[in-house]
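Asks: Given next are the chains, with one letter for each unit.
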Amino acid sequence: MFLSRASECTKLVGMDLAVLEDIRQLKYRYLRCVDQKLWDEMADVFTENATVDYGTRAYGKPLKLAGRDEIMGFFRTALGPEIITVHAAGQPEITVDGDKASGTWRFEDTVIATEHRVVIAGAAYYQDRYERGADGAWRIAHTGYVRTYEAMMSLDDLPSFKFLAGVPKTVSPTTVPSTTVPSTTGTNVADTAVR
Amino acid sequence: MFLSRASECTKLVGMDLAVLEDIRQLKYRYLRCVDQKLWDEMADVFTENATVDYGTRAYGKPLKLAGRDEIMGFFRTALGPEIITVHAAGQPEITVDGDKASGTWRFEDTVIATEHRVVIAGAAYYQDRYERGADGAWRIAHTGYVRTYEAMMSLDDLPSFKFLAGVPKTVSPTTVPSTTVPSTTGTNVADTAVR
Amino acid sequence: MFLSRASECTKLVGMDLAVLEDIRQLKYRYLRCVDQKLWDEMADVFTENATVDYGTRAYGKPLKLAGRDEIMGFFRTALGPEIITVHAAGQPEITVDGDKASGTWRFEDTVIATEHRVVIAGAAYYQDRYERGADGAWRIAHTGYVRTYEAMMSLDDLPSFKFLAGVPKTVSPTTVPSTTVPSTTGTNVADTAVR
Numbered sequence: 010m011f012l013s014r015a016s017e018c019t020k021l022v023g024m025d026l027a028v029l030e031d032i033r034q035l036k037y038r039y040l041r042c043v044d045q046k047l048w049d050e051m052a053d054v055f056t057e058n059a060t061v062d063y064g065t066r067a068y069g070k071p072l073k074l075a076g077r078d079e080i081m082g083f084f085r086t087a088l089g090p091e092i093i094t095v096h097a098a099g100q101p102e103i104t105v106d107g108d109k110a111s112g113t114w115r116f117e118d119t120v121i122a123t124e125h126r127v128v129i130a131g132a133a134y135y136q137d138r139y140e141r142g143a144d145g146a147w148r149i150a151h152t153g154y155v156r157t158y159e160a161m162m163s164l165d166d167l168p169s170f171k172f173l174a175g176v177p178k179t180v181s182p183t184t185v186p187s188t189t190v191p192s193t194t195g196t197n198v199a200d201t202a203v204r
Numbered sequence: 010m011f012l013s014r015a016s017e018c019t020k021l022v023g024m025d026l027a028v029l030e031d032i033r034q035l036k037y038r039y040l041r042c043v044d045q046k047l048w049d050e051m052a053d054v055f056t057e058n059a060t061v062d063y064g065t066r067a068y069g070k071p072l073k074l075a076g077r078d079e080i081m082g083f084f085r086t087a088l089g090p091e092i093i094t095v096h097a098a099g100q101p102e103i104t105v106d107g108d109k110a111s112g113t114w115r116f117e118d119t120v121i122a123t124e125h126r127v128v129i130a131g132a133a134y135y136q137d138r139y140e141r142g143a144d145g146a147w148r149i150a151h152t153g154y155v156r157t158y159e160a161m162m163s164l165d166d167l168p169s170f171k172f173l174a175g176v177p178k179t180v181s182p183t184t185v186p187s188t189t190v191p192s193t194t195g196t197n198v199a200d201t202a203v204r
Numbered sequence: 010m011f012l013s014r015a016s017e018c019t020k021l022v023g024m025d026l027a028v029l030e031d032i033r034q035l036k037y038r039y040l041r042c043v044d045q046k047l048w049d050e051m052a053d054v055f056t057e058n059a060t061v062d063y064g065t066r067a068y069g070k071p072l073k074l075a076g077r078d079e080i081m082g083f084f085r086t087a088l089g090p091e092i093i094t095v096h097a098a099g100q101p102e103i104t105v106d107g108d109k110a111s112g113t114w115r116f117e118d119t120v121i122a123t124e125h126r127v128v129i130a131g132a133a134y135y136q137d138r139y140e141r142g143a144d145g146a147w148r149i150a151h152t153g154y155v156r157t158y159e160a161m162m163s164l165d166d167l168p169s170f171k172f173l174a175g176v177p178k179t180v181s182p183t184t185v186p187s188t189t190v191p192s193t194t195g196t197n198v199a200d201t202a203v204r
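Going line by line, the protein sequences match chains G, P and Z. Using my numbering, the letters of the first sequence map in sequence onto residues 10 to 204. Using my numbering, the letters of the second sequence map in sequence onto residues 10 to 204. Using my numbering, the letters of the third sequence map in sequence onto residues 10 to 204.
A few of these clues could be false.
In this list, chains with the same sequence are indistinguishable; a pair is considered to hold if it fits within one copy or across any two.
To be verified - Restricting the straight-line Cα-Cα distance to at most 20 Å, the calculated cross-link-like pairs of lysine to aspartate or glutamate (EDC-like) are:
id: 1; residue 1: 109; residue 2: 53
id: 2; residue 1: 73; residue 2: 108
id: 3; residue 1: 46; residue 2: 102
id: 4; residue 1: 109; residue 2: 144
id: 5; residue 1: 46; residue 2: 79
id: 6; residue 1: 171; residue 2: 117
id: 7; residue 1: 171; residue 2: 25
id: 8; residue 1: 171; residue 2: 106
id: 9; residue 1: 109; residue 2: 25
id: 10; residue 1: 46; residue 2: 78
id: 11; residue 1: 46; residue 2: 117
id: 12; residue 1: 73; residue 2: 165
id: 13; residue 1: 171; residue 2: 53
id: 14; residue 1: 171; residue 2: 78
Keep in mind the hints are simulated off the structure, nothing from the lab.
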C-alpha cells in the first residue's frame, strides 16, 4: 500500500508534473525572448534540427524554417527595434511520452510596425513537439500554429492613438508623448488613475 | 519523519496537484473546442446535467442553459462558420474537495460576426464547478461568468481593417486578402517582418 | 534507490511544485482583486513592507509605492467605479529559494476610463519577488513591470462602440444598452450568436 502510493507519487508527480512545468517554462522563455528580442538567450530553446511553421499570412504564405540557425537568423533579421511584438500563450494541453512530448496552446499576438503605423493582430493554436536532450533539458523540436484569424489595420484609423511607452529609441524624443498625455483628452489622466 | 514526508507528498501532490492539472486541461479542451467548433469532442467535457450561465449581454439578457444536450444544441446552432470566436482564459484559482472542485478564472473573449462586420469583445470572471465521474474523468458541472465589461463595435469604424486569415470558407476567394496585403499600406509587409 | 526516489519526489514535487502553485494562485488573487476592486481581500497578498514599481507612463513617470498601506491607499483612491481594468497575466517563470522566490510574468492590461471615454492598453513583463511568512503563506514582497508598449486612445475614434456590460452603476440606466444592441447593426445580434 505504502509502496504503491509512493510509486504513484513518483510516477504521476515526480516525473510528469515536473516535466509539464519544465515544458511550460521552456515555452514561456521562448515567448519572452521573442517579445524582448533576447536572441542569444533564445537560441537554446530549440533543438539543433528544430522546425517552425508559422501560419501567419502577412507574407502571403505560411512561413517555414528548418534548423536552429535558420530560425534564429530569421528572428534576428525580421524583428528590429521598430517592431513591437506581444505574444500571449496559454491553455497548454501537453502530453509526455518518455523523452518526447507534444503540446497544444492557444495564443494571441499583436505586432505593431511602428514606422508604418500598421497593427497585425490575431489568434491561433500552436501545435508543438518537444524533446529532452542528453543534458536533461527540454527543447522545442517543432513549433507551428494554425490561425483562428489574423487581421491588419492602420493606426491612421485611430486619430487619437498615442504611444505612452514602447516607442523605439530611434524615434526622436520630442515625439515621445508623456507630455502629450493630458492634452489628449483635455483632462489629467493622472487624476483618473491607471495602474 | 520519512513516513510523514512521503504521506504529505502523496496528499499534497499525488492527489491535488494532479487533479489541478486534470481540471486545467479539461477547461482548456472546452475552450479549444469552442474556438475550433469541435462539437463532438466538446460534448464529453460536460456532465450530463451540466448547467451554464453566460453573462453575455449580446442577447439582451444572460444566457442560461441546462443539460449537456441543450448546451451542445446551443453551440451547434449558434456558432456557424461565419462566427469567429477567441476565448483566452487563465489565472485559475481552483479548490478541490474529494470528487468535486470549484474554480475561478479570468477570461477575455473576442467574437467577430464576419458577415455583419461586428466585433464583440469583453472580459469576465468564470465561476465553475467540476465533478469527477465514476470513470475517473473530471467534467464541467457548471460554468458561468460575470462580466467585467463587454462592448461591441462595427468594423466599419476601421476602414483599413482587413482579414489575413480566418475568413470563412464560404466567402469568395477573390476577396481573400493575401494579394491585398501590400497595397494596404503601400509597402511590402514581408520586408517589415511579422513573426 | 527507493529512498532516493521518494526523497526526490518530496523535494521536487512536494515542495517546489506545490510552492509554484501557491505563488501562481497568490498572483491570480492579486490580479482578480484589482479588476474586481476587492480591496479588503487584496491587502493580504502583500507583505507589510512590500514595494511596487508600475512602469505605466500614464502619470508621466513610473509609479513607485512602498508599504502595504501606501499601496492599498493608492488602489482604493485611484480605481473608482468609473474605471474598468482588465489584467491578464500568464507565462510565469518562477524560481524558488527556500522562503523566497522570484517570478517573471507576461501581462497585458486594458484600462477604460468610462467617463472620459479613454482606453489605455499595453503589455509588459512583471518582475516579482515573493516571501513566505511565519504563517506559511506566500505574499508579494515586490512587484513591478517594464512595458513592452503602452498606448492610449479615445473611444470617440470608434463611433459605433457601445458597452453591453461593465458600465458603472452611477451611469443612468436609460443609457445602458441592452435595448440598443439590435439597432447598432440593423440586425438582431441574438440571431447571429455570440457565446
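Asks: Taking 20 Å as the upper bound on the Cα-Cα distance, should residue 109 and residue 25 be classified as within, between, both, or neither?
Replies: Result: close within a single copy only, 12 Å intra versus 23 Å inter.
Asks: When no copy is named, should residue 109 and residue 53 be tagged within, between, both, or neither for a Cα gap of at most 20 Å?
Replies: within (17 Å within a copy, 27 Å between copies)
Asks: Using 20 Å as the alpha-carbon threshold, which applies to residue 46 and residue 102: within, between, both, or neither?
Replies: This pair counts as between: shortest inter-copy Cα distance 17 Å, intra-copy 27 Å.
Asks: What label fits residue 46 with residue 117 when the C-alpha limit is 20 Å: within, between, both, or neither?
Replies: both (18 Å within a copy, 18 Å between copies)
Asks: My question is about residue 46 and residue 78: at a cut-off of 20 Å on alpha-carbon distance, are they close within one copy, between copies, both, or neither?
Replies: within (16 Å within a copy, 37 Å between copies)
Asks: How would you classify residue 171 and residue 117 at a CA-CA limit of 20 Å: within, between, both, or neither?
Replies: between (22 Å within a copy, 17 Å between copies)
Asks: Within, between, both or neither: how does the pair residue 73, residue 108 come out at a Cα-Cα threshold of 20 Å?
Replies: Neither, since 25 Å and 45 Å both go past 20 Å.
Asks: Please sort residue 171 with residue 78 into within, between, both or neither, judging by C-alpha distance up to 20 Å.
Replies: neither (37 Å within a copy, 33 Å between copies)
Asks: Are the CA atoms of residue 171 and residue 25 at most 20 Å apart within a copy, between copies, both, or neither?
Replies: Answer is neither: 46 Å inside a copy and 43 Å across each miss the 20 Å cutoff.
Asks: Please work out whether the CA atoms of residue 46 and residue 79 approach to 20 Å or closer within one copy, between two copies, in both situations, or in neither?
Replies: Cα proximity of residue 46 and residue 79: one copy only (16 Å, versus 35 Å across).
Asks: With identical chains, the pair residue 73 and residue 165 could be close in the same copy or across copies; at 20 Å between alpha carbons, which is it: within, between, both, or neither?
Replies: Neither. Shortest intra-copy (31 Å) and inter-copy (34 Å) distances fail the 20 Å Cα cut-off.
Asks: Between residue 109 and residue 144, at a C-alpha cutoff of 20 Å, which is it: within one copy, between copies, both, or neither?
Replies: within (14 Å within a copy, 27 Å between copies)
When the structure is compared with the earlier hints, violations turn up for hints 2, 7, 8, 12, 13, 14 and for no others.
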